[in-house]
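Protein chains in written order, with our numbering: chain E, 127 to 402; chain P, 13 to 302.
Worth flagging that the hints you see were computed from the coordinates, not collected in a lab. Don't take every hint at face value.
[As the list claims (entries may be wrong)] List time: in silico SDA-like cross-link candidates among lysine to any residue, alpha-carbon distance up to 25 Å:
{"hint": "1", "chain 1": "P", "residue 1": "143", "chain 2": "E", "residue 2": "237"}
{"hint": "2", "chain 1": "E", "residue 1": "133", "chain 2": "E", "residue 2": "358"}
{"hint": "3", "chain 1": "E", "residue 1": "360", "chain 2": "P", "residue 2": "152"}
{"hint": "4", "chain 1": "P", "residue 1": "145", "chain 2": "E", "residue 2": "358"}
{"hint": "5", "chain 1": "P", "residue 1": "286", "chain 2": "P", "residue 2": "143"}
{"hint": "6", "chain 1": "E", "residue 1": "133", "chain 2": "E", "residue 2": "355"}
{"hint": "7", "chain 1": "E", "residue 1": "213", "chain 2": "E", "residue 2": "180"}
{"hint": "8", "chain 1": "E", "residue 1": "360", "chain 2": "P", "residue 2": "57"}
{"hint": "9", "chain 1": "E", "residue 1": "360", "chain 2": "P", "residue 2": "148"}
{"hint": "10", "chain 1": "E", "residue 1": "213", "chain 2": "P", "residue 2": "214"}
{"hint": "11", "chain 1": "E", "residue 1": "361", "chain 2": "P", "residue 2": "214"}
{"hint": "12", "chain 1": "E", "residue 1": "360", "chain 2": "P", "residue 2": "214"}
{"hint": "13", "chain 1": "E", "residue 1": "248", "chain 2": "E", "residue 2": "277"}
{"hint": "14", "chain 1": "E", "residue 1": "133", "chain 2": "E", "residue 2": "237"}
The structure presented is a predicted model; accordingly, all values stated were derived computationally and were not measured.
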Amino acid sequence: MSLDYEKIETECVGGLRIGGWEITSCHMPILSNSAIEGYANELGFNVPEMIFGNNYLCLRHVSSGQELRLRAIDALKMVDTSPHSAKSVQVSIAENWTESSKRNRSDITDVIRPFDWTFSTKYRGSVANGLQFCSSDTGIDYEKLMVREDILFYDENILYEDDLGDNGTSQLSYKVRVMPSGFFVLQRFFLRVDGVLFRIYDSRLYHQFGSDHITREFSTRESPFKDIVCQLPKKKHDDEDLSLLNNIQFVDGVMKDPLVEYEVAQINQACKIDSP
Amino acid sequence: MGVDIDSCIERLYLGQILEEREVEQVCRALRLLLAEEANVVAISAPVTVIGDVHGQFYDLLEIFSIGGRCPDTNYLFLGDYVDRGHHSVETISLLACLKLRYPQRIHLLRGNHESRNITKTYGFYAECIHKYKGSAQTWHEFTEVFDYLALAVTIDDSIFCVHGGLSPSIQHVDQLRVVDRFEEIPHEGALADILWSDPDAEIRGFGRSQRGAGYTFGGDVVERFLHINGMSHILRAHQLCMEGYLVQFNDRLSTVWSAPNYCYRCGNVASLLKVDPYLQRDFITFEAAP
Numbered sequence: 127m128s129l130d131y132e133k134i135e136t137e138c139v140g141g142l143r144i145g146g147w148e149i150t151s152c153h154m155p156i157l158s159n160s161a162i163e164g165y166a167n168e169l170g171f172n173v174p175e176m177i178f179g180n181n182y183l184c185l186r187h188v189s190s191g192q193e194l195r196l197r198a199i200d201a202l203k204m205v206d207t208s209p210h211s212a213k214s215v216q217v218s219i220a221e222n223w224t225e226s227s228k229r230n231r232s233d234i235t236d237v238i239r240p241f242d243w244t245f246s247t248k249y250r251g252s253v254a255n256g257l258q259f260c261s262s263d264t265g266i267d268y269e270k271l272m273v274r275e276d277i278l279f280y281d282e283n284i285l286y287e288d289d290l291g292d293n294g295t296s297q298l299s300y301k302v303r304v305m306p307s308g309f310f311v312l313q314r315f316f317l318r319v320d321g322v323l324f325r326i327y328d329s330r331l332y333h334q335f336g337s338d339h340i341t342r343e344f345s346t347r348e349s350p351f352k353d354i355v356c357q358l359p360k361k362k363h364d365d366e367d368l369s370l371l372n373n374i375q376f377v378d379g380v381m382k383d384p385l386v387e388y389e390v391a392q393i394n395q396a397c398k399i400d401s402p
Numbered sequence: 013m014g015v016d017i018d019s020c021i022e023r024l025y026l027g028q029i030l031e032e033r034e035v036e037q038v039c040r041a042l043r044l045l046l047a048e049e050a051n052v053v054a055i056s057a058p059v060t061v062i063g064d065v066h067g068q069f070y071d072l073l074e075i076f077s078i079g080g081r082c083p084d085t086n087y088l089f090l091g092d093y094v095d096r097g098h099h100s101v102e103t104i105s106l107l108a109c110l111k112l113r114y115p116q117r118i119h120l121l122r123g124n125h126e127s128r129n130i131t132k133t134y135g136f137y138a139e140c141i142h143k144y145k146g147s148a149q150t151w152h153e154f155t156e157v158f159d160y161l162a163l164a165v166t167i168d169d170s171i172f173c174v175h176g177g178l179s180p181s182i183q184h185v186d187q188l189r190v191v192d193r194f195e196e197i198p199h200e201g202a203l204a205d206i207l208w209s210d211p212d213a214e215i216r217g218f219g220r221s222q223r224g225a226g227y228t229f230g231g232d233v234v235e236r237f238l239h240i241n242g243m244s245h246i247l248r249a250h251q252l253c254m255e256g257y258l259v260q261f262n263d264r265l266s267t268v269w270s271a272p273n274y275c276y277r278c279g280n281v282a283s284l285l286k287v288d289p290y291l292q293r294d295f296i297t298f299e300a301a302p
């Protein structure tokens, strides 16, 4: 199918109008100190160090107004703040540390307002104007996706990132690509806690222009740290180089056995798809 | 010393890394020099204080361009010279050579990234291997030097400077003077604390980190420390500041952050802090070098 499309290009926002959709991706610097304070008050915990609160991806079906957005604040609202949330993951030296510091110091305050300091989130996107996902048996048609096509728009963007106090990496980011036949989005939550574990939570969205639905797949993977380290390529001189663990593509490639959920959302086709 | 230090410095300013044998000689000489330095070094203002640089070499050159070159300007660096940025080798090499050449004009504190363990994950080790054709020798040399870096500086007995923050084990600066610093950063204890701890406006006293290891400290801890030690202010680094710096606790503690556009994507500005002979503090902000 060949559709007309219109590029969107401003200082911070790039995107496309195509097939009855407006797809926009916004890049801005990290939030200012005062905005960060505002977020922290709203969430009840300190936000990730690199909080791109103004970045977003917006997928908007023009005639119905239905839309899906990817935004940091909504993802952070899904971070666990229950009483045991802080202790669910602890850094590798924590066990020895607590014993030793318990022995010496009774005057040190324990954690007052617990939250999951890894910023793990099972956020799948924010829906509006009647867009609703429900459980489905079918996933994304990867065969259709793998057909070689022109890429009319591609973007990658970070929503938040934190180095966990130099104990690893927590990152929420997305990639979007728009082809003449449809659009595909991968939103990825990536976590590495040095010496402890890796997590990858992926949200994949796919829509074929002309169809009446969006398919979403949500997958989760988790592996102990050592299971990934032992898959580092063996080099002659430097078995001590762990820097590849910072490479999300590498870790993605070696983490297996995702748990996957399929969902679908109907699009209200109020009128025929017209070129913009 | 068989190395021409001025030639090394000249080449480094042009972004040319040293040869492996030059790194060995510089590091050996630097360890001898630093061995004579106390854990807590006393210096006088005026001095320009720099926070985390993290291998952003071209931003380091920008700092020298704004603040003046060493030795024309006195400098105090608060640590975290390596990892994350792409030019950790150039950064630490230049600073090491400047310290060797002008030991009284530039002071280098240890940051939590000046460590063997962390540099294996966060890029310095990999960069050494890559830039020195598969050899880890320069990484060994530099990480040995890290063990010798001073832990804190006092400016005119009034401003206390560390990389991270305060420790529940250290109420008086004299307690820090007697720590044995010549080792890899341990996982706990005073040496770990002052390189890793963070201020927290929400708590009183020391708090245990959510992550299971590490401390945070409140404004009352800062007041008590300054009072007991007869000092007026704490300068530290370690935490990213969008605006390049952050002043807290009624102007009793400042965080200086000197890596603009951190990790080449944050879009933050950075700062350098000029402390004048009257101990007035003036932050100068700057953006990433083009």
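Hint by hint, here is what the structure shows:
no., hint, in the structure
1, P:143 / E:237, "violated (43 Å)"
2, E:133 / E:358, "violated (41 Å)"
3, E:360 / P:152, "holds (20 Å)"
4, P:145 / E:358, "holds (20 Å)"
5, P:286 / P:143, "violated (34 Å)"
6, E:133 / E:355, "violated (43 Å)"
7, E:213 / E:180, "violated (30 Å)"
8, E:360 / P:57, "violated (51 Å)"
9, E:360 / P:148, "holds (16 Å)"
10, E:213 / P:214, "holds (20 Å)"
11, E:361 / P:214, "violated (47 Å)"
12, E:360 / P:214, "violated (46 Å)"
13, E:248 / E:277, "violated (28 Å)"
14, E:133 / E:237, "violated (49 Å)"
Of the hints listed earlier, those the structure fails to meet are numbers 1, 2, 5, 6, 7, 8, 11, 12, 13, 14, in rising order.
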